[in-house]
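4 protein chains.
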Amino acid sequence: MALNRKLRMGMVGGGRGAFIGGVHRMAASLDGRIELVAGCFSNDPEKSRLSGRDLFLDPNRVYGSYQEMVQREAALPRDRRIDFVSIVTRNDTHVAIASAFLAAGFNVVCDKPLGQSLAQGLKLRQAVRRSGKVFALTHNYTGYPMVKEAREMVRAGKLGTILKVVVEYPQGHALRALDSKAGSRISNWRTDPAVSGPSNCMADIGTHAENLARYITGLEIEEVCAELSTLIPGRTLDDDGNVLVRYKGGARGILYASQISNGEENGLTIRAYGTKSSLEWHQEHPNELLVKQVDKPQVIYRRGNSGLSRAAQANTRLPGGHPEAFIEAFANVYLGAAEAIADEVAGRKPKDSYDFPTVDDGVTGMAFVETVVRSSKSRAKWTTFPKL
Amino acid sequence: MALNRKLRMGMVGGGRGAFIGGVHRMAASLDGRIELVAGCFSNDPEKSRLSGRDLFLDPNRVYGSYQEMVQREAALPRDRRIDFVSIVTRNDTHVAIASAFLAAGFNVVCDKPLGQSLAQGLKLRQAVRRSGKVFALTHNYTGYPMVKEAREMVRAGKLGTILKVVVEYPQGHALRALDSKAGSRISNWRTDPAVSGPSNCMADIGTHAENLARYITGLEIEEVCAELSTLIPGRTLDDDGNVLVRYKGGARGILYASQISNGEENGLTIRAYGTKSSLEWHQEHPNELLVKQVDKPQVIYRRGNSGLSRAAQANTRLPGGHPEAFIEAFANVYLGAAEAIADEVAGRKPKDSYDFPTVDDGVTGMAFVETVVRSSKSRAKWTTFPKL
Amino acid sequence: MALNRKLRMGMVGGGRGAFIGGVHRMAASLDGRIELVAGCFSNDPEKSRLSGRDLFLDPNRVYGSYQEMVQREAALPRDRRIDFVSIVTRNDTHVAIASAFLAAGFNVVCDKPLGQSLAQGLKLRQAVRRSGKVFALTHNYTGYPMVKEAREMVRAGKLGTILKVVVEYPQGHALRALDSKAGSRISNWRTDPAVSGPSNCMADIGTHAENLARYITGLEIEEVCAELSTLIPGRTLDDDGNVLVRYKGGARGILYASQISNGEENGLTIRAYGTKSSLEWHQEHPNELLVKQVDKPQVIYRRGNSGLSRAAQANTRLPGGHPEAFIEAFANVYLGAAEAIADEVAGRKPKDSYDFPTVDDGVTGMAFVETVVRSSKSRAKWTTFPKL
Amino acid sequence: MALNRKLRMGMVGGGRGAFIGGVHRMAASLDGRIELVAGCFSNDPEKSRLSGRDLFLDPNRVYGSYQEMVQREAALPRDRRIDFVSIVTRNDTHVAIASAFLAAGFNVVCDKPLGQSLAQGLKLRQAVRRSGKVFALTHNYTGYPMVKEAREMVRAGKLGTILKVVVEYPQGHALRALDSKAGSRISNWRTDPAVSGPSNCMADIGTHAENLARYITGLEIEEVCAELSTLIPGRTLDDDGNVLVRYKGGARGILYASQISNGEENGLTIRAYGTKSSLEWHQEHPNELLVKQVDKPQVIYRRGNSGLSRAAQANTRLPGGHPEAFIEAFANVYLGAAEAIADEVAGRKPKDSYDFPTVDDGVTGMAFVETVVRSSKSRAKWTTFPKL
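Residue numbers (this note's numbering), protein chains in the order written: chain A, 1 to 388; chain B, 1 to 388; chain C, 1 to 388; chain D, 1 to 388.
Careful, some of the hints might be misleading.
When the alpha-carbon atoms are kept at most 30 Å apart in a straight line, the in silico DSBU-like pairs for lysine-lysine are as follows [claimed, not checked]:
#	chain 1	residue 1	chain 2	residue 2
1	C	K248	A	K158
2	C	K377	D	K387
3	B	K296	D	K276
4	D	K387	A	K6
If you are wondering where the hints come from, they were derived from the structure by calculation, not from laboratory data.
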């Protein structure tokens, strides 16, 4: 890393009781290169203060609003103020908060999805480009070493021409709304269009599936044929969505996301079938990558094998058999972003080779959600994916 | 069984080199209740004769054409002639052969799919009804004990209301056509519309997926949105097909069949998600049935467990841990049919409770293929499933 | 096969309610090369008669004692009498029955273990040698295609020098004796030394483990250090046994067999670790063979892959993905024996290359049981395996 | 935690290139409750200095010897000096370093094994007791939530009486010594008795197996019958060891550890068989705990299920389906120790309920190694486990 010190991180969101904020903090701190020094953990100032105390932060660096945070951090001397902010708030606030920090000259790491609409996404992309700052979007599943290995296999031509992609993301937690603890596991705001935008399930997890498939295969969507459903009565937004995909170049795909698949936990899975061989990866067993070929033995590549690609090895901390998992993959996104941020802080141009999801991934995700929503409402079979 | 002797089986098709004929013979003979006594194993009389010799049959009962077989078997005395014929020929001949045997008073077991078109299927259904004979269609995957257990679970309400069904049938053997051994593993006639009818992949294996999903869930298809593709250039018929399904009552489904999924062998898999619990079954690991429920431990029901349904236990030969597989499941279809045939031979009406696929399953399969083909050609998203 | 007819099989044992007799009949009949024509299914003549009727046998060929069967079958003309007998009785009767049939000029297939003692085994071996007849012992687990593939890998040197072998055979059914259905699942005679000989668990299933390890690795035992235990109080014989093994040449091994391993069904598993690579096979998932090598991807060889050895392919009936299982493996033992028997019947010397367990395997098994029992009683650590 | 600040950690060992030191640092920092502030990372002062710089430490807190570190840290004011030291050096130095820090009033976290001999262990135990300080030993595998769940199941009587335990720890990395990169993956000192003590493999990983089995089952070893082997020629110490175990109360066990099991990575696995049910856990798939019962479906308890024990839930960071793994389990040991250390620092007596391995675990581990070594050299079958 370009700096001889830890990067200083601030956080917006992630106060007491929030799940994803804690994940971001663990991921950021895992490798000893980033330290949390400031934050606005809630737009309730008292909750923000208490959360900051839980985290042993200097009370002077714990803020009651993100606007205050932007202003006061920007006013600190260079050698004290945060190097970047991590935004882990609700979907509807990402764009405004990110824009404010970018405008004040801060680098940004932002939780996904980027925002509520493609229009928002395009606007933010412009803001990022104008700012010259680093913007990372935490599509964390691409941080897994064996996902990187999968991408390298595709790039090296080991699959041949990809003919078909099946990517699925079943979860079951929304079933909970059926019993007495209604809503306990699916945040209310997720089902509120004013917060989530036009989709719940497809925006929340379908975008991960889209991102993962694109990251690994490099294929671009040409047309989709989608059906979003609300299978638990009383919801406003989708809790299940199934999409047929036509990729540019002729490959076919199935992508689905569901939050009513009873008993599924976090079953993000991808299978990509090529003319030479195929690959299969399961998020819940992330240390393995299965490669198949007609009439041949199956091969299980394992994280830690010495023959893996540089990309996989560079994102591996432990030898084989010492499993790495979700937090480590998330930390890899932070490591990739941190390399770029350290360059930026040191006044250098970050290398193109740094590997983390950017605002462009976010824009594509927004386009994906909007296209799927449009297709779902359409009586025509196919809806064209927009140019970005 | 109603008879104090083995049932006498004849066979049409299944000569030297044919795969499925051998499977039918093993399945039929496994339980010691059926013996092969006659056959027309090829429409090449010499090949038929040699095949009969391989099988140690009386040369007088080996025929050069199915017409000859019908005529000469019908002319035998009651206590010598076959009780039923097993038809294991190409798709385009099923209906004619079955009709001839039915008309001559023979019971029929027939390989799937029923024929080439819904019209054919409806005609055959009429012939079966008129004949009063037993007609069994070997949708063999419903013969697995844990598939029967799955159906009983659904019937007993253990899944609650089914919200979503994902059934997939990926194979990879058609990839072989790409290399020098082109066509060696996918019979030429399968890709010839004059033989296969309007679909290859969806008719050959998609019908198994449709049958399995309907057998287990009891759900009926209301509308489909399908895309059939020919992903290996130079083929006339589909080698891959993806279908979104709307079931009556509101459940949603994904059904796909593929023969270009490199490295997949025979990956028929079903997942059915209900409001109370969900189930998952894989044909390649058929002795287990996975049941899942949100936030609860997963439960693996295993063939041989004493708490299983009567239907599962009645189709089980070995204790748990002594795996049963494809041939045993196929034999269960024969056992179910044999019970009915024995009744018929003994002059009794077969019970409704006998559990084997019938001409009705075949008709639904034909309707499924035609509806999927029609949908695939349509620019409208949804195509209605016909009333049968 | 050398004959232009089915082989005629007689059976001793396997009457109504017997499990293993039915397995033998399914295995024998599966491939259409053997037909059951005679039997003494119980030493209760009435039960034998009823069992024969269940099997649709000619009542004149159903006998009330094995002695009667030997005498009357031997008196039949050559073209009617049985070609071989299949013995599926209790352990304590194998040797006497086999000897009687051998002496009368019949070939023999016999269930394992061979008998109750090494002395018996050696005597029977002499009888076999003197008779010039075929004697096959149904160590059925060596009939699995992927077990044969494993052996071929070892023979071809793919494992290098084998350093360590871990073979285990846990079952849990003996736990049942704890509840009200005491004894319902473990035959009473199995726990009776007068019937079973000096060991229950090690003789019943430990011999399978020994046979499997020897079949695959070719290693011979030099010394054992064993402990047999009776963990369910009130039993006379062992229900659990653990053995440390020193193989000739220096490899080390662990072999254990257990019938009190709660919830295990039929968990025969072997792992053999060599200097070049290792292999792992699980009886409950028999279609796969896992090969591992330090720091390399794992490779899953699958039944049906075209690159497998001739031995594996010759014992395969179905393409990959169409699972074969217990009965098919058992049938492979019958097929191997049938080739030899057909030669013998045709007056030719059976080839050495036929692959089925013989009386020598039975003798080694008897020596194994006796050595383990002796070691278990010894205060010295190591007990030498006898020369055979 | 009892303190309103992060705990200050020092480290001895773990300089550039060391694997386990990095793991300790990640585990310690994961939850934001511990910060590394000082260290002696090598007994080469220059290497220590460079390692400290890599970690962005204050150069004044980076020491050239552990003695210097003890002295200078002890001389710092209370509100600056370390709260505890983490010792991640070679086995032969643990006792001396730990004793020095304890004597100077510091709490200690120490890598396993405790030392080279039982005598050393007993001496250290005395030092710990005298000091009144916290001493934690990083038997990290007991930090996994599903291991804790397993222990709670046993404690709650869900297994009934445990009859048999099979615990295995196969690795394959020592095979590497066979090829040109000899020694590259197995540290030279591990095979040097002067450093490792009387055992390599059994001390390095066998102690983990012993600790895991004892943690989960609560069973105490009465006698062992062991064979240690050196299967790769040219080594001084064992690279493979197999142990038959007699537990107090009558249960039987198999415990083995191996570093020449080609292709195994880190295969620590335990199966405990009880009269009521059994459990099975694999370190490489740590989020699942399999529970089996004769003739019943198998049940897979999964980390994150809401019905798990308090102990499992308290050691869980993420919802089900978001896998946690090795570092998180390691961090749980640090969290347990940190609770006790925070109490100690705050002047309170740590609660007995804190759950982390202590010096007593280390002493038992030393006794285990010595007893196994003694048994391996003995010609008697059984060697008694000493009273501690």
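Do the hints match the structure? See the list:
1. K248/C x K158/A: Not satisfied, since the Cα-Cα distance of roughly 44 Å exceeds 30 Å.
2. K377/C x K387/D: 26 Å, holds
3. K296/B x K276/D: 21 Å, holds
4. K387/D x K6/A: Given pair K387/D, K6/A is violated - Cα atoms ~50 Å apart, limit 30 Å.
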